[in-house]
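Novice: Taking the hints into account, I'd like the entire structure generated from these sequences.
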Amino acid sequence: MTLQAWFALLATFVASTWAVGALRRRMARHEAGRRFFRHPTAAWGMGVLAFFVLVAVAAPLVTSFDPRDQLDIVNLKSQPPSWSNILGTDVYSRDLWSRVAFGARISLIVGALGMLVAITLGTLVGAVAGYYRRWVDAVLMRGVDVGLALPRIFVMLMAVALFGRLPLAILVLVIGLTSWFGTSRLVRAEVLSVRERDFVAAARAMGAGPGRVIFRHVLPNAAAPIIVSAALGIGNVLLLEAALSFLGIGVAPPAPSWGNMIADGAPYLATAPWTTLFPGFAIALVVMALNAVADALRDALDPRQEAT
Amino acid sequence: MTAWVVRRVAASVAIVFAVVTLTFFLMALAPGEEMLGQDERQVDPQVREELRRQFGLDQPPLVRYVRYLGQLARGNLGVSFALHRPVADALAEAMPNTLLLAGAALFVDFLVGLALGIYQALRVHRLPDVVLGNVTLFLYSVPTFWLALILLLVFGAWLRWFPVAGMSDPIICPSVASFYCAMDRLWHLALPALTLGFVGAAGTARFQRAAMLEVAAQDYIRTARAKGASERRVVLRHQLRNALLSFITLFGLAFPFLLTGAVLIETIFAWPGMGRLATDAILRRDFPVVNAAVLIASTLVVGGNLLADLLLAAADPRLRVRGGEGEAA
Chain A
1 MTLQAWFALL
11 ATFVASTWAV
21 GALRRRMARH
31 EAGRRFFRHP
41 TAAWGMGVLA
51 FFVLVAVAAP
61 LVTSFDPRDQ
71 LDIVNLKSQP
81 PSWSNILGTD
91 VYSRDLWSRV
101 AFGARISLIV
111 GALGMLVAIT
121 LGTLVGAVAG
131 YYRRWVDAVL
141 MRGVDVGLAL
151 PRIFVMLMAV
161 ALFGRLPLAI
171 LVLVIGLTSW
181 FGTSRLVRAE
191 VLSVRERDFV
201 AAARAMGAGP
211 GRVIFRHVLP
221 NAAAPIIVSA
231 ALGIGNVLLL
241 EAALSFLGIG
251 VAPPAPSWGN
261 MIADGAPYLA
271 TAPWTTLFPG
281 FAIALVVMAL
291 NAVADALRDA
301 LDPRQEAT
Chain B
1 MTAWVVRRVA
11 ASVAIVFAVV
21 TLTFFLMALA
31 PGEEMLGQDE
41 RQVDPQVREE
51 LRRQFGLDQP
61 PLVRYVRYLG
71 QLARGNLGVS
81 FALHRPVADA
91 LAEAMPNTLL
101 LAGAALFVDF
111 LVGLALGIYQ
121 ALRVHRLPDV
131 VLGNVTLFLY
141 SVPTFWLALI
151 LLLVFGAWLR
161 WFPVAGMSDP
171 IICPSVASFY
181 CAMDRLWHLA
191 LPALTLGFVG
201 AAGTARFQRA
211 AMLEVAAQDY
221 IRTARAKGAS
231 ERRVVLRHQL
241 RNALLSFITL
251 FGLAFPFLLT
261 GAVLIETIFA
271 WPGMGRLATD
281 AILRRDFPVV
291 NAAVLIASTL
301 VVGGNLLADL
311 LLAAADPRLR
321 VRGGEGEAA
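Residue numbers (the numbering used here), protein chains in the order written: chain A, 1 to 308; chain B, 1 to 329.
No wet-lab data here; the hints were simulated from the structure.
Each hint should be verified, as a subset may be incorrect.
Unchecked claim - Simulated DEER-style distance windows between Cβ atoms:
hint	chain 1	residue 1	chain 2	residue 2	range
1	A	Val-74	B	Asp-58	53 to 59 Å
2	A	Ala-223	B	Ala-157	47 to 53 Å
3	A	Arg-26	B	Tyr-119	35 to 41 Å
4	B	Trp-187	A	Ala-22	53 to 59 Å
Bear in mind the structure is a predicted one, so any value in this text is a computation, not a measurement.
Even glycine gets a Cβ: it sits at the ideal position worked out from N, Cα and C.
Specialist: So this is what it looks like as structure tokens:
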């Protein structure tokens with residue numbers, strides 16, 4: 001690593017700590033914000049997330065090598081961590097830290113977009129089912145039952161078997177399309193209770209159409225579980241992407257994703273364990289952070305529940 | 001109550017039927033050719049046509065679907081395209097292996113998970129709870145297959161405590177049944193089952209801890225304390241019994257987790273089970289095997305949920321009253 005990369009890395013580290021501190025001061029004005037940061041792990045989780053997002057954004061700055069560049073296949077093959085390659089090199093002599101940093105881009109984008117598709121779809125279906133009830137509800141929820149009964153990993157395998165290796169955009173879409181069933185049940189339950197409240201009746205009495213009632217009145221009041229499930233959703237998608245890449249049907253190499261890095265490293269587990277260890281740690285750290293943040297969000301957004 | 005049970009069972013059967021139908025048409029209508037042998041290049045076009053005719057693939061999908069349902073109703077799962085043997089035989093070989101793995105994992109999952117969750121809830125916010133809370137959060141967040149690889153490295157390759165792959169000693173045990181071989185089986189089972197079990201246990205522990213704490217805040221716990229019940233009686237009779245109710249729901253949710261986990265774990269530990277059979281079949285477009293695997297998987301998932309609902313209704317009198325309205329859980 002060059003001196004410039006070290007400085008950039010230090011800067012991302014400082015920036016992420018500062019960002020969390022600033023957020024904490026800002027949020028301290030609100031009751032929910034104070035409750036959020038009362039969780040000891042919430043600040044840590046936010047810090048880890050901020051760090052990895054910054055590393056992903058500034059990947060070319062915090063690394064000194066191209067993630068796809070085979071540095072020296074003879075002398076630098078499967079080298080343990082050293083000062084020039086801080087996380088070591090993989091079997092193709094590529095710099096592992098560069099791959100982890102650039103892999104953060106792909107993995108986090110897959111996680112965030114996959115979750116976005118899933119949450120949007122789940123919220124829409126749940127809201128429509130809960131709002132209209134009767135046969136709309138029955139049809140949609142039986143569909144959700146079927147979706148939940150079909151193991152997701154089978155669906156993904158089928159998609160790959162039928163259409164070959166999926167491009168990244170399609171992969172994200174398929175992940176999103178198979179991950180929304182749980183969310184829609186959650187949203188439906190919430191909408192069912194919110195729609196009976198007086199302010200919804202008032203809005204309807206004043207002539208608001210179903211679209212306006214759902215988006216302006218019902219959903220904002222059902223937001224808490226949706227936000228929590230979004231935070232958990234990113235983590236689940238990250239784990240799914242990793243599993244798919246490991247089975248050889250996820251993100252296509254040589255583009256680095258944390259999942260396909262583990263898959264690349266697995267055959268050399270005994271001779272070069274670091275190639276498997278570090279990307280796995282990256283996934284574990286981010287998912288842990290997301291779970292911690294989701295826990296804290298749940299307590300912050302739902303004052304009825306005692307903070308545990 | 002009986003009407004509710006009948007309705008729930010019927011709904012479950014309908015869901016499985018819908019899943020099977022959906023998979024059948026997805027696979028049948030997709031573009032591309034099926035693989036009809038172990039190595040496609042060796043199949044001569046004429047032989048290929050003959051094979052397609054024999055397997056009934058020259059018929060339109062709807063005809064194939066009706067035939068498939070007819071055979072299924074008679075308990076016939078068909079013949080595998082790629083393996084050239086009845087699907088039922090292949091399943092009969094793979095199923096017990098997966099059941100052994102999943103059963104052992106489930107045992108570890110619930111035993112360790114429940115114990116940790118209860119222990120943590122009794123020491124809430126103190127050092128043991130904080131430490132265990134972080135450990136379970138880590139295990140809960142780790143990719144299962146990555147943990148499997150790490151355990152394989154540490155206990156298999158470095159310490160050499162456990163074998164790294166397979167189900168039993170490949171030289172002696174396939175032909176000989178003995179006490180030694182039973183122990184050998186167990187020894188091969190340990191690492192994959194513990195991996196899957198511990199990851200599951202982390203989730204169970206987090207869930208059970210939350211359930212225990214939720215119950216602890218209820219009025220009837222305070223009432224029990226106020227009436228002078230001993231701490232032991234409050235915890236065991238009042239808190240734990242009620243906290244176990246929500247655990248039943250978790251039981252129903254364990255099946256999808258075990259199924260997904262089994263696919264990856266079986267791949268890593270070279271465990272010849274359902275997960276590997278299904279994965280290979282899907283990638284080879286071996287429809288009869290895929291359909292059978294999907295049928296079994298969805299039956300397990302739906303059956304798990306159904307069982308959990310029924311157990312919950314049996315265990316919780318409050319639900320039995322509302323049960324008539326069809327909304328349990």
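Novice: Sort out which numbered hints this structure fails and list those numbers smallest first.
Specialist: none
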